[in-house]
Amino acid sequence: MNVVEVNVNPKRVKHDLKKQERSLLLRRFLSNKLMVTGSIIIVLLLLLAILGPKLTPFDPYEMVVKERLEAPSSHHLLGTDNFGRDLLTRIIYGAKVSMWVGFASALLSSIIGLAIGLTASYYRYLDNILMRICDGLLAFPAILFAIALMAVLGAKTENVIIALTIVFSPEVARIVRSRALVVREETYIEAIRSQGASAARIIWKHIAPNTISPLLVKATFVFSEAVIVEATLSFLGAGVPAPDPSWGNILSDGKDVIYTAWWMTVFPGLFIILSVLGLNLLGDGLRDLIDPQSSTK
Amino acid sequence: MEQPLLEINNLKTHFKTERGRVTAVDGISFSVEKGEILGVVGESGCGKSVTAQSILRLFDEKYTASYEGEIKLQGENLLQLSKAEMEKIRGNEVSMIFQDPLSSLNPVFTIGYQLMETIRIHQNRTKKQARQMAIDLLRMTGIPSPEKRVSEYPHQLSGGMRQRVMIAMALACKPKLLIADEPTTALDVTIQAQILDLMLELNEELGMAVVFITHDLGVVAEVCTRVVVMYLGQVVEEANVEELFTTPLHPYTKGLMKAIPQMDGDRSQKLNVIGGTVPALNAIPSGCRFASRCEFANDLCKEKAPDLQVHEGNHKVRCWHYAEISNKEAARHA
Amino acid sequence: MPNQQAESILQVQGLKKYFSVKGFRSKSKNQQVKAVDDVSFTLYKGETLGLVGESGCGKSTTGRALLRLIEPSGGTVLYNNEDILKKSPREFRKVQKDMQMVFQDPFSSLNPRIRIGESIKESLTIHSIGNRNEREEIVMDILGKVGLRSDHYFRFPHEFSGGQRQRIGLARALVADPSILILDEPASGLDVSIQSQILNLLQELQDDFKLTSLFISHDMSVVRHISDRVGVMYLGKLMEEADTDTLFSNPVHPYTKALLSAVPIAKVGKKRERIVLKGEIPSPLNPPSGCIFHTRCPFAMDVCKQVVPEKVEIQDRHTVACHLYS
Amino acid sequence: MYIYILKRIFSLVPVLFVVSIVAFLLIYLTPGDPVSVMLGQEATAEQIEALREQMGFNDPLYLQYFHWLINVLQGNLGDSYFMHMPVTTAIVEHLGPTLSIAVLAELIAILIALPVGILAAKHRGSLMDQFVMGFTLTGMAIPSFLFGLILMLVLGVKLGWLPVAGYQPLSTGFWNYLQYLLMPGLALGIIQSALIARMTRSSMLEVLNADFIKTARSKGVKERSIIYVHALRNALLPIITVVGQTFGLLLAGAVVIETIFNIPGIGQLVLNSIQSRDYAVIQGVILMVAFFYVIINLVIDLLYMLIDPRVGY
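Chains U, F, A and H are the protein sequences, given in the same order.
Everything in the first sequence is counted per the numbering used here, starting at 1 for the first residue and increasing by one.
Everything in the second sequence is counted per the numbering used here, starting at 1 for the first residue and increasing by one.
Everything in the third sequence is counted per the numbering used here, starting at 1 for the first residue and increasing by one.
Everything in the fourth sequence is counted per the numbering used here, starting at 1 for the first residue and increasing by one.
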């Protein structure tokens, strides 16, 4: 982009530049097919989770035995489950649970992962200890580790978030550390060090902002993996406890009646796939969008 | 004058990028005689390396690159050959060496394997024969104890050694033409001297023509017999090396020559500067491409693009006013 | 130009930097790579000392050791006759204001996430020079001095060309008004036409700011053009040091001779005989005994194989470390 | 070379140490008092207290850890209260089916992922490439148990090709054994192949941009051997790393899949333990899987030496 001759007072230039940058980012956002489809799916799901409860006439907990296992009809759009509860309503309430659990654990593990990753990358004597702990934690596969943690913490939705955070933080820490180690060797870090900047300033003003892009991409994938792990936990009965609705435990109820009430498996399954697919698309799109350099190549 | 070894007419190389089509090489024409060393010189982004790789059609033609014009190797247009025919020529009639010795050799195969591969693709030799030929090639390019080196891996050798292996690989089938894309840029000056001497010896011994791509005018003066100067995808001047250095005609060539700090230059004088920056490939100005940076540019230069005219003999230049500029400068110095 | 009675501003005495390489095979005990081995030189006020040599000779490590970006293993560096290597980080910060560095790679010397004005202002904030909006003025002013516009302050590094980024690097080094500038191959990453712009700018700034500089490069002709004195390094040692004209007109050390003769000259018809050194640069893991150049030196004598040559001053301010002259 | 092997093995000690600490803490922090369960409801408080003292439950934490560690090193993972047998025997009995699913799934994954990944990289930007990217994105979006349910619905019920549940050990004939494992194996394998295919594609693309590929092409090497000889060998390293890391995921996946196809493997063991609050078994399974994971990654590390001469040089 060649730089046009402009000699106006700097404050206004700063304002114009910021506007220009926003419009450039928007244009790049819209041109990124992955990003757009992903965000549309996620926004729809969020709307569903937030507005849904107001739209549906049914109560997710109210059991109507005689309407048990009804096929999708005009009365019950997606049919009913084995206790006669409206499936669409339970899926909507389930969306709120699944998305919230996924988002919260992604956010928490990002914050913890960032802190551990940055400290490990800058203070070498801590690096070994922290990384061995992370390697140790990473040896436990996510789903099994979550099951064990739930056994310790007890079956509550909040505990699912804590369990998932413990499971995913080491992964985030490892990604942040490896990027931070690369950034540390860059010349601009050497330059700021040569000017006598303090360790804190170097870490938080120079290293951290340059580890954000891999962190954001990883956080999106942690979000989608968390939704899958939560669904699996609830499916096995170790996650969100009944009667609270979650896509996982709806599927679990549907498992035994799969031949007769196929809708109890298909619809929640579809929602899981859709939300995770949306998040994966968001993650891929984010990866291209974030790095300004990659945009000008 | 019998047919030149290589004749490039109006070569154009286009690349598909997300922001539309970019033409990195826009109508290049020059030829290479048998046994000659032709220098192709220019700054980064001028398309010299793209030209070199276009000769062997190394770019992916399915999705990214497309060519126009002619590249005739002894009368045969390489651009019209099938993939299989092209593969027969690469490494056999025309071979290439690259700039960065650290990354140009496959790290997971031994030096011997990579040398023998070229031999066995183009000549039916047994493994034993190919191995012996590989050892002789390594000895020819001055690598000590080649029997041991043959079974070593690239990371066990220094930059200079690796470049010698690259040259040995390129000479495996005694090619008629060697394309060297900045072969010594990544090397230290003393090692560069050794490699340049080696290339000169091989050129005499094997009578092999060389297209020598570089941005270093010093190397051009020491090694090449004829020179092509490129700017922004086009040839702006072509001449024998003596003419180019004694009577350069194009303002860009003159500017380059005066911008380099000479080993015997006057240290108190400021270095000559070519103002501005090279226009981007997707924003090429109309008229002469050097107009935006040329101190002699007038309206004619800005509107109409000059083409490569013959000054005299084989000294060609792409500039409307090169004659007046030379006279004015001659007057100023007299 | 070097004035003889110039006042010395920085005295480097026996500077060493040894990297220990963990023995990978059991038999090779912890070896040491002597990246910088007993290097001594003096910077005189207002002068530019060129440090030249091939890759792996330790010139860039020397530059970084002065600023303690790499902690030296030995030697003293006297600035205002205090040894800055012994100072505590807090005391050393004052020195860091006076000694600034310019780096080679234009594309990784600026933080991509920060506007360039901010990167330049960092130095002011760290050394608490001026208050908040004063600092913005100072940065805009220095931007003008390096040939950029004040509104460039708000742009990101990826919007600039290689040449412009080197100008920003210079602005960052000069904004805190240093007295010594250490330049590590500042123009090697650039094309010739841009390189000449940067070298001219550098010389103007050195005069305006009355700077003393250490100019590190592998490019002999660039070093010759810009330095008043030149030191030639090989495998961690300073082989020869002299005024630029003396060194380039009659080099004394065999390595300097070979180095200068190897540089291709952009002139035709001057076919000079070239001293082509035999063999490869030895691996720093086990450098040759005695004079480290003896394995490739055409004049190597027995004494060169055993004894490390002493630095000898054969003429006024022309020193060399070679047995031919001791 | 051997130094490298020793170094790799030696570097596992701290990791295994952390694994043991985490496993122990999981057990220690689990609610429910094993002693009271053992003695049943009528036991008086004193009896429970006496037994706790005798079994060392009141010792300081680190002492309990050492006892536990020594037992584990001797293969004793404590006792299952629900199944009234040592946890180790319970696990070993149920190990067979889970391992066979995991290995079968891994084979299926690699057989699908490698060719698909390589072809996608070879025809970068083509329709085929976009289809593969679509397949991998959706593949990663489907939880393995859901895909298992779908397969059961389609293959099992609608088409009736494969039995919907149950397990026959190998001894009862190969096809007999295989037909029960095919569906869970496919369910897990296809999901796993999505991840590995994605990694293969990106790793191949990275290598195909390297300079030495251009050198090979300039030597007249055929496009086919550029892909399968020059590029693949270099791309293998990151691929086998992913295979190693995701094998742990696979084991966990096998555990989950079994619950759908009610195969008497570790999965069922874990499921029953969850319902019966038999936590010792769960922790035992987790420790075993973690140990497996560490060993597999060690093997992968050592494989590096065979592929890349620079490693261990």
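Hints in this document: simulated from the structure, not taken from any laboratory.
There could be a bad hint or two in this list.
[What the hints assert, rightly or not] Below, computed lysine-lysine pairings styled on PhoX-like, alpha-carbon distance capped at 25 Å:
#1 F:K12 x F:K88
#2 F:K270 x A:K94
#3 A:K267 x A:K305
#4 A:K145 x F:K270
#5 A:K257 x A:K210
#6 U:K33 x F:K62
#7 F:K72 x H:K222
#8 H:K158 x F:K176
#9 A:K210 x U:K205
#10 F:K328 x F:K270
#11 F:K270 x F:K12
#12 A:K145 x U:K14
#13 U:K33 x F:K16
#14 F:K127 x H:K222
#15 F:K270 x A:K86
#16 A:K86 x F:K258
#17 U:K11 x A:K267
#18 H:K158 x F:K174
#19 U:K255 x H:K222
#20 A:K94 x U:K205
#21 H:K222 x F:K88
#22 A:K210 x A:K97
#23 A:K45 x A:K94
#24 H:K222 x F:K83
#25 A:K305 x F:K328
#26 A:K34 x A:K97
#27 A:K267 x F:K254
#28 F:K62 x H:K158
#29 F:K128 x H:K158
#30 A:K16 x F:K148
[What the hints assert, rightly or not] Quick partial rundown of chain F residues pointing at chain A, CB under 7 Å, derived from the structure:
#31 S44
#32 M86
#33 L217
#34 V219
#35 L256
#36 P261
#37 K270
#38 V273
Keep in mind that this is a model prediction, so the values were computed, not measured.
All C-beta atoms, glycine included, are put in the ideal place defined by N, C-alpha and C.
Would the pair K127 of chain F and K222 of chain H pass a check requiring their Cα atoms to be no farther apart than 25 Å? Measuring from Cα to Cα gives roughly 19 Å; hence the hint holds.
Should the hint that L256 of chain F touches chain A count as held when the rule is a Cβ pair under 7 Å? 6 Å, holds
Would the hint linking K305 of chain A and K328 of chain F be met if the CA-CA limit is 25 Å? Violated - the C-alpha atoms of K328 of chain F and K305 of chain A are around 60 Å apart, more than 25 Å.
Are the Cα positions of K12 of chain F and K88 of chain F separated by 25 Å at most? Given pair K12 of chain F, K88 of chain F holds - Cα atoms ~23 Å apart, limit 25 Å.
Compare the distance between the alpha carbons of K128 of chain F and K158 of chain H with 25 Å, and conclude whether the hinted pair is satisfied. Status violated; Cα separation ~61 Å.
Restraint status (C-alpha distance of K270 of chain F to K12 of chain F at most 25 Å): Violated. K270 of chain F to K12 of chain F sits at ~38 Å, over the 25 Å cutoff.
For the pair supplied as a hint, K255 of chain U and K222 of chain H, confirm whether the alpha-carbon distance does not exceed 25 Å. 53 Å, violated
Hint check, V219 of chain F versus chain A [nearest Cβ-Cβ separation less than 7 Å]: At about 5 Å, which falls below the 7 Å cut-off, the nearest Cβ of chain A leaves the hint on V219 of chain F intact, so it holds.
Given the proposed pairing of K267 of chain A with K305 of chain A, does the C-alpha separation stay at or below 25 Å? 38 Å, violated
Hint check: is the beta carbon of S44 of chain F less than 7 Å from a beta carbon of chain A? Since the shortest Cβ distance to chain A is 6 Å, the answer is holds.
Tell me if the straight-line CA distance from K16 of chain A to K148 of chain F falls inside 25 Å. 36 Å, violated
Straight-line Cα separation of K270 of chain F and K94 of chain A no greater than 25 Å? With Cα atoms ~34 Å apart, K270 of chain F and K94 of chain A exceed 25 Å; violated.
Going through the hint list in order, the structure does not satisfy hints 2, 3, 5, 8, 9, 11, 15, 16, 17, 18, 19, 25, 26, 28, 29, 30, 32.
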